[in-house]
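**Student:** Starting from the structure of chain F, add chains R, B, P, X and C where the hints point.
There are 6 protein chains.
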Amino acid sequence: MSSEVYSYLYEKVLEEGALDIYTESIYMKKNRPSNKISILCNENDLEKFVELLLIETSTFGVRYHKYNRERLKRKFIKINTHYGDITVKLGYYKNKLIKATPEYEECKKIAKNKGIPLNQIFNIINCIINEEYKINLLT
Amino acid sequence: MSSEVYSYLYEKVLEEGALDIYTESIYMKKNRPSNKISILCNENDLEKFVELLLIETSTFGVRYHKYNRERLKRKFIKINTHYGDITVKLGYYKNKLIKATPEYEECKKIAKNKGIPLNQIFNIINCIINEEYKINLLT
Amino acid sequence: MSSEVYSYLYEKVLEEGALDIYTESIYMKKNRPSNKISILCNENDLEKFVELLLIETSTFGVRYHKYNRERLKRKFIKINTHYGDITVKLGYYKNKLIKATPEYEECKKIAKNKGIPLNQIFNIINCIINEEYKINLLT
Amino acid sequence: MSSEVYSYLYEKVLEEGALDIYTESIYMKKNRPSNKISILCNENDLEKFVELLLIETSTFGVRYHKYNRERLKRKFIKINTHYGDITVKLGYYKNKLIKATPEYEECKKIAKNKGIPLNQIFNIINCIINEEYKINLLT
Amino acid sequence: MSSEVYSYLYEKVLEEGALDIYTESIYMKKNRPSNKISILCNENDLEKFVELLLIETSTFGVRYHKYNRERLKRKFIKINTHYGDITVKLGYYKNKLIKATPEYEECKKIAKNKGIPLNQIFNIINCIINEEYKINLLT
Amino acid sequence: MSSEVYSYLYEKVLEEGALDIYTESIYMKKNRPSNKISILCNENDLEKFVELLLIETSTFGVRYHKYNRERLKRKFIKINTHYGDITVKLGYYKNKLIKATPEYEECKKIAKNKGIPLNQIFNIINCIINEEYKINLLT
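In the order they appear, the protein sequences are chains F, R, B, P, X and C.
If you use the working numbering, the first sequence corresponds to residues 30 to 168, in order.
If you use the working numbering, the second sequence corresponds to residues 30 to 168, in order.
If you use the working numbering, the third sequence corresponds to residues 30 to 168, in order.
If you use the working numbering, the fourth sequence corresponds to residues 30 to 168, in order.
If you use the working numbering, the fifth sequence corresponds to residues 30 to 168, in order.
If you use the working numbering, the sixth sequence corresponds to residues 30 to 168, in order.
Read the hints as simulated data drawn from the structure, not as lab findings.
Treat the hints with care, since some could be wrong.
No farther apart than 20 Å at their CA atoms in a straight line, the calculated lysine to any residue pairs in the SDA-like style are these [stated by the list, open to error]:
| hint | chain 1 | residue 1 | chain 2 | residue 2 |
| --- | --- | --- | --- | --- |
| 1 | F | Lys141 | B | Leu82 |
| 2 | P | Lys118 | R | Met30 |
| 3 | P | Lys137 | R | Val79 |
| 4 | P | Lys102 | R | Leu82 |
| 5 | R | Lys123 | F | Gly90 |
| 6 | C | Lys138 | R | Met30 |
| 7 | F | Lys141 | P | Arg61 |
| 8 | P | Lys58 | F | Lys107 |
| 9 | F | Lys118 | P | Gly90 |
| 10 | C | Lys102 | C | Ala47 |
| 11 | F | Lys107 | P | Phe89 |
| 12 | R | Lys58 | X | Lys107 |
| 13 | F | Lys65 | R | Tyr51 |
| 14 | R | Lys58 | P | Glu134 |
| 15 | C | Lys141 | R | Val79 |
For reference, chain F alone in the conformation it holds in the complex (with noise of 0.2 Å):
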């Protein structure tokens, strides 16, 4: 399979609604290498993504199975910083929050604006995400 069909993959398959999508390199027999595709979605889903790679991929079968997840609440707030407001997604497990991220396509655009280096918003954004609630982060 050509390499660019991936790119195309990884668009089609979010755009149609799968949680996530990530490809390992294997190595098959008679000295193959090759890429396995694994898409994470919601059961109801199910049917729609096994098509989509058999008719989209050179594979002649697909797997599948069950997972259970447990996952972070998500809430996204804004933060202000003096380049402006900033959505940060907060993770809670079991009504505590022990996580917040900054988003990714925010950031990129303050760094390219601004001319600063994407590590060092993340960096400024999550001393002030810190500052802020580090009574809940800390405890």
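**Tutor:** Below, chains R, B, P, X and C without anything else, positioned relative to chain F:
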């Protein structure tokens, strides 16, 4: 485990009737790069392959579980090219032809005998298939 | 380094004129999985990219050296299909046409608009190319 | 997630009683290279390790499911070499001895103290094992 | 080569004064998954490491060549946190401070003693660094 | 590029006299997983292999440069086992024997004919070698 054992294992596992075998590189504790071997087999061959892995590889344990699988129905035909007849595997999804793949080993022989790049042989055969089956493939 | 930085880096590096960029997963001391980033650039862009990597990534050092390179001469043509005109990149080795590749982004648009698998678009265009250029391709 | 966290995680997860831990490099949407962490644990430790992954890593979700496992029965013996006693792990399948592996950490100490390549220590011990247990190993 | 040898090799190579060591998974002829070991060392240590690889690993040949390298100038400082003093590595590019990284082993000890996630320790220290050095880091 | 081309390429490249060939999985822009092919050859074969890669694969460019190499001197001997004679490759560094490896293909034949695990054949032969050459190997 010596890397030479993998080649032997691939051959042996396929001769014993496995549906597929592949490896993935993994990283274990104590900086040990290693390989995870996955075998896909019918349920009644399970014990045979568990035993084979325990005996032939350096592992002390084998994990397994059941997968569901959706496979294209397969049909093998011969198509006529000016290099001679070539076997083509057709794949049907819900009774509709959606995929056609020439047999690698036969194409390889032609490429070697005629001194033509293998990619080009694939291309030519794909065009003949496309021409002959286009009504099904594009509907 | 956050995995989100890679996506940003790929874009930035290509906008700045790199010829290519790719990553490989590597394993470092103390069980640290990491990624090696490789940039291919013209010699007079070297300092710019060394600086970019030092500033944008978490590394404290960048290695570089000179490679020789053999490249196909490239020519871009339009071919006419019943989906519209599509750009095709032709590759010449010692003045002989040996390779032809349709432009991915244009094929992707067609696949999305017409609801046809991308692999099939590639296939159809390859057949047209094969038909039109076969004298060159097979000599 | 910083690559330095993996090393810490490996140690912590094994101290907490996991049976195994390994990582695989994966590729996610938006050109993000990342790592999938897999932990093998007893069923009654499940909640502990799900919590550990949610708290210690950058992930917002953990997937899990039940595997069957076939393990060799293990017995540890001491074998006598002219470098001193070395522990060897024996593996039994259906009550038959099929595998013997010297303990890595003890061999490593000898290699370092005596200035002998580690591979050679392994080799010598394997030969002693082979000699002493050959009836079982070859039947 | 046994995967256990890698761990030993990493330790030995670093003790002998290598600047860095890492492995990459590669795939060789005859379906053999293997690992490429790369060592970065000063030129006058070359012979020592070539010999070490030939003696300690299963390889029959070692390739090497000269790289240029651009490195940040490094300075180590202590910063004061309410967990105690922590060493921070500062990186200067053209005499400007552009990077600061806390020492992993010290953070790990704190994380273990205080029962706080390692990621959080990193975060807090980064915020202190950010606060104290911001004039340099942002100019 | 179809994964089936790799197998063909490995064979062809080795038949044409390359010293080695291997692939590594890499990740390119636009979420394209791909493979980097590396060929090790003598300098006077360079043009032949550059041409082969340009013609047989989908690439539009090939990079190359010169490596230094330190190789063990090799000698092939026959050792006598109760399974018959087996070829063993000996490796000498500075005129000292430091390595001995049985030929894989011969061991594989024995393993298949006698129904003995391949790992065990390797082990037995290593012990014979160890016994016969121990003076050299351990000095």
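**Student:** Against each hint, give a clear statement of whether it holds in the structure.
**Tutor:** Okay, the hints, checked on the actual structure:
About 15 Å separates the Cα atoms of lysine 141 (chain F) and leucine 82 (chain B), which keeps this hinted pair within 20 Å; it holds. At roughly 16 Å between alpha-carbon atoms, lysine 118 (chain P) and methionine 30 (chain R) fall within 20 Å of each other, so this suggested pair holds. Restraint check for lysine 137 (chain P) and valine 79 (chain R): the C-alpha separation of about 31 Å exceeds 20 Å, so the hint is violated. Annotation: proposed proximity of lysine 102 (chain P) to leucine 82 (chain R) holds, straight-line Cα distance about 15 Å (limit 20 Å).
Between lysine 123 (chain R) and glycine 90 (chain F) the CA atoms are separated by roughly 13 Å; this keeps the pair inside 20 Å, and the hint holds. At most 20 Å may separate the alpha-carbon atoms for a hinted pair to count; lysine 138 (chain C) and methionine 30 (chain R) meet this at roughly 19 Å. Restraint check: the Cα-Cα separation between lysine 141 (chain F) and arginine 61 (chain P) comes to about 19 Å, which is no more than 20 Å; the hinted pair holds. With a CA separation close to 24 Å, the supplied pair lysine 58 (chain P) and lysine 107 (chain F) exceeds the 20 Å bound.
At roughly 13 Å between alpha-carbon atoms, lysine 118 (chain F) and glycine 90 (chain P) fall within 20 Å of each other, so this suggested pair holds. Proposed proximity of lysine 102 (chain C) and alanine 47 (chain C) is supported: the alpha carbons are some 18 Å apart, at most 20 Å. Between lysine 107 (chain F) and phenylalanine 89 (chain P) the alpha-carbon distance is near 19 Å, which keeps this suggested pair within the 20 Å criterion. Taking the CA atoms of lysine 58 (chain R) and lysine 107 (chain X), the gap is near 31 Å; set against the 20 Å cutoff, the hint is violated.
With a C-alpha separation of about 10 Å, the suggested pair lysine 65 (chain F) and tyrosine 51 (chain R) falls inside the 20 Å cut-off, and the hint holds. At most 20 Å may separate the alpha-carbon atoms for a hinted pair to count; lysine 58 (chain R) and glutamate 134 (chain P) meet this at roughly 13 Å. At most 20 Å may separate the alpha-carbon atoms for a hinted pair to count; lysine 141 (chain C) and valine 79 (chain R) meet this at roughly 19 Å.
Hint compliance for this structure: hints 3, 8, 12 are broken, all remaining hints hold.
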